[in-house]
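K.L.:
The chain contents come next:
Number of protein chains: 2
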Amino acid sequence: MIIGDTIVAAATPFGYSGIAVIRLSGPEATKIINQISTQNSFNNRVATIASLKNLSGETVDQALVTCFFSPESYTGEDVVEISTHGNPAIINEVLGVATDLGARLAEPGEFTYRAFINGKMDLVQAEAVAALIHSKSEESAKIQQKILSGDLSLVLNQTRSSLINLISTLEHQMDISEEEASGELGVSFVENIDGLQTQTQSLLGTFEMGQLFNRGISVVISGAPNVGKSSLFNLIANTDRAIVSDQPGTTRDVIDVEVIISGVPVRFFDTAGIRETGDAIEKEGVGRALEKKLSADIVVLVYDDPSQKPIIRDENNKTIFVLNKLDLHHNRDNKGVIHISCVENEGVGRLFEKIKQTINIKKASADTTYLSTERQFASLSACSRFLQSSKNLLSVQPVDLELVAFELCEALGSIDVLLGKTTAEDIINNIFKSLCVGK
Amino acid sequence: MIIGDTIVAAATPFGYSGIAVIRLSGPEATKIINQISTQNSFNNRVATIASLKNLSGETVDQALVTCFFSPESYTGEDVVEISTHGNPAIINEVLGVATDLGARLAEPGEFTYRAFINGKMDLVQAEAVAALIHSKSEESAKIQQKILSGDLSLVLNQTRSSLINLISTLEHQMDISEEEASGELGVSFVENIDGLQTQTQSLLGTFEMGQLFNRGISVVISGAPNVGKSSLFNLIANTDRAIVSDQPGTTRDVIDVEVIISGVPVRFFDTAGIRETGDAIEKEGVGRALEKKLSADIVVLVYDDPSQKPIIRDENNKTIFVLNKLDLHHNRDNKGVIHISCVENEGVGRLFEKIKQTINIKKASADTTYLSTERQFASLSACSRFLQSSKNLLSVQPVDLELVAFELCEALGSIDVLLGKTTAEDIINNIFKSLCVGK
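One line per chain: the protein sequences are A and B, in this order.
First residue of the first sequence? That's 591 in my numbering, and the numbers climb one at a time after it.
First residue of the second sequence? That's 591 in my numbering, and the numbers climb one at a time after it.
Just so you know, these hints were derived from the structure itself, not from any lab.
Glycine is no exception: its CB is placed at the ideal position from the N, C-alpha and C atoms.
Treat the hints with care, since some could be wrong.
What the hints assert, rightly or not - Covered, in the sense of this in silico footprint (three residues per stretch, anywhere, with C-beta under 8 Å from a C-beta of chain B), are these stretches of chain A: (1) 596–603; (2) 628–638; (3) 644–655; (4) 719–728; (5) 750–762; (6) 783–793.
Only chain A is shown next, with the shape it has when bound in the complex (with noise of 0.2 Å):
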């Protein structure tokens, strides 16, 4: 991304409402809104209302504008915040503007790279504003929130000034190894290390469940045709815990839904729907779905014959029996099976109850920074495979001081790589890339 221009875009969804939010960035935001504006000086953070006007001088609406100076600003350069009303027609016509007058659209996370660049946040934080944006629950929110507001990388800092010191003292006894013939490390050396590899690999352990929170789970609903497999997806569907698909098959057949279980979000998709469909165009996402059942976390196996208790043919999901029609059997005494009755609104807590002890949700702790993309886990991986490495070289006598200072330094570089002080620009850019517009 191109950085030292001006950049502008809306910071709010396009849409009809009561503000949208248009955001300037760079050495020419102020001189920009004071050419689009009437007013044509603005103090610093002051929210001002101000005529905006087109450059044929037609007013194109009544905005509250504020201007962030650099370098306290969300980017570090001077920004411009104008709050006009939420009309997309009065969005595109202000962006227009503001592009005539020299600014350039930006592209997605172009603000966030800005504040990265300019030292306001580290790798990790911009990260956690993308994943803070896309959170699903106000748990995932939390823990993103945790991150943005610097946990995760005061753990890191502290970890990477250890390992300097660590490097330090290493090279410091090379140097006298050179002139003495052998060296000594204490035994705080290696009580360090193994502090440093304890501390990671509690980092690491926080994973699994961050990315429960970040990125939730998959439940197919599958079984015999006519037990009622549909039934219990709209059940599912209309529970108050329900938002949006964002995979309809069509406006009439929804086929997936998300459901927050315990701040998880949990992607309920109905297998009934995909095979009752002849359209061609259907028929594609139809195939998506189907790969996404092989791939599914949990398979949810539908029956309604107490006596005929299906056998498992996904081996590689785990499964959780449900027997529905509960209305109509006697035998209500299944061992390990979720009874409910579709009918009479019955048992879909059970369900989700059992669902959450199948992938062991625990509810997520206020005081434990998680770690939730792949980026950290890998990063911290290798850290951590490094300081082993390190110690082990150490139990051997004579220790080579040389391989020990180079795996400390590898270390030291996947936490580098973690917090964005050495990292290679196309990751950067996907990190970035995956922000909205305006961000």
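Guided by the hints, dock chain B onto chain A, whose structure is given.
P.N.:
Positioned in the frame of chain A, the structure of chain B alone reads:
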């Protein structure tokens, strides 16, 4: 709507975006933000970073908070704008904390209602807020912006003052008459009424265009099977002026699309898609679309054989003949007929031009204040009628001053209704309910 308590709402659309804005208004607004945020005092209009906490003390988000102290705010009350990360879970949690602390979720338009009640704007301006937000084009937004900024209110208030002066003159004259047996009204009195009448008529004359920009028109594509109705519809839907359809039959079969032609939203309906469906749910949508056809402003009648120009069946609509498959015909000289070729993507521009002529779409004039709602038109029509009656009464000798005064008071009354000075509560409520939540 209730006033006096503290209301809260999201002022930006729900969704995943850079920023979301939540608004509080009322006597408890600043107290609530002090309780929610780590910051415990805010300066007027100064955008301040603050951590938002829930009632358990957990950080919900880092936000930008701006307080607007009464009376210098949108509503006239204390207003707090909270700019969070654009995430529904965060928005919901902040709304939840605010309501736990005593705020009430605002009804649609309630912020603007309070602005109206507190004298920040009149009813014509409040109507313009709703219309501005729902504008489909830059032209229609500008028309509403002019009304919001007070252009129409100025004219109405001048008319109002003139009417009050005329009525005072009459009353004065009636006092004299009682003493002196006969009263004389100068020529200027009648001229004044004439002037008001002319001005009112001129405003009424803007309504047709104003409504065109505000509400737009509907065009139904009709014709025999297989002449290319859907191909034409698809060509139209793919022009860069086409915006989202909000009335799709299903995801696959979009049956209407809106195109902005010279600032006027023109909604095209594809009757081909309509007839080919057999699905029960879809049929209901189709029924609605067919009703639309009966009330369409224009029917585009498509045919593909130059020798078989169809006969107009819908006498209620204006009809445009479109001869498709231009590429196959040698004779291109069918008078008054638009020649297109869907295969070669040719002629859509000509069709748009013909629609402009048929509906008489002119360029919006930046100097004109356009009426755009039925309510404005009805009130000013009434005003005009009362002015005319008073003129008629003045031409009958001896003049009955009391009757003239009565008519002028009625004219004044219709202006007062328009400005919201004396308007029935249910009418006022309807106006504000057409607004978004958070405005």
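K.L.:
Are the hints correct? Go through all of them and say.
P.N.:
Evaluated hints:
1. 596–603: holds (count 4)
2. 628–638: holds (count 4)
3. 644–655: holds (count 6)
4. 719–728: holds (count 8)
5. 750–762: This one is violated; 0 residues, fewer than the three required, reach chain B with a Cβ under 8 Å.
6. 783–793: violated (count 0)
The structure fails hints 5 and 6 (numbered hints given earlier, in ascending order).
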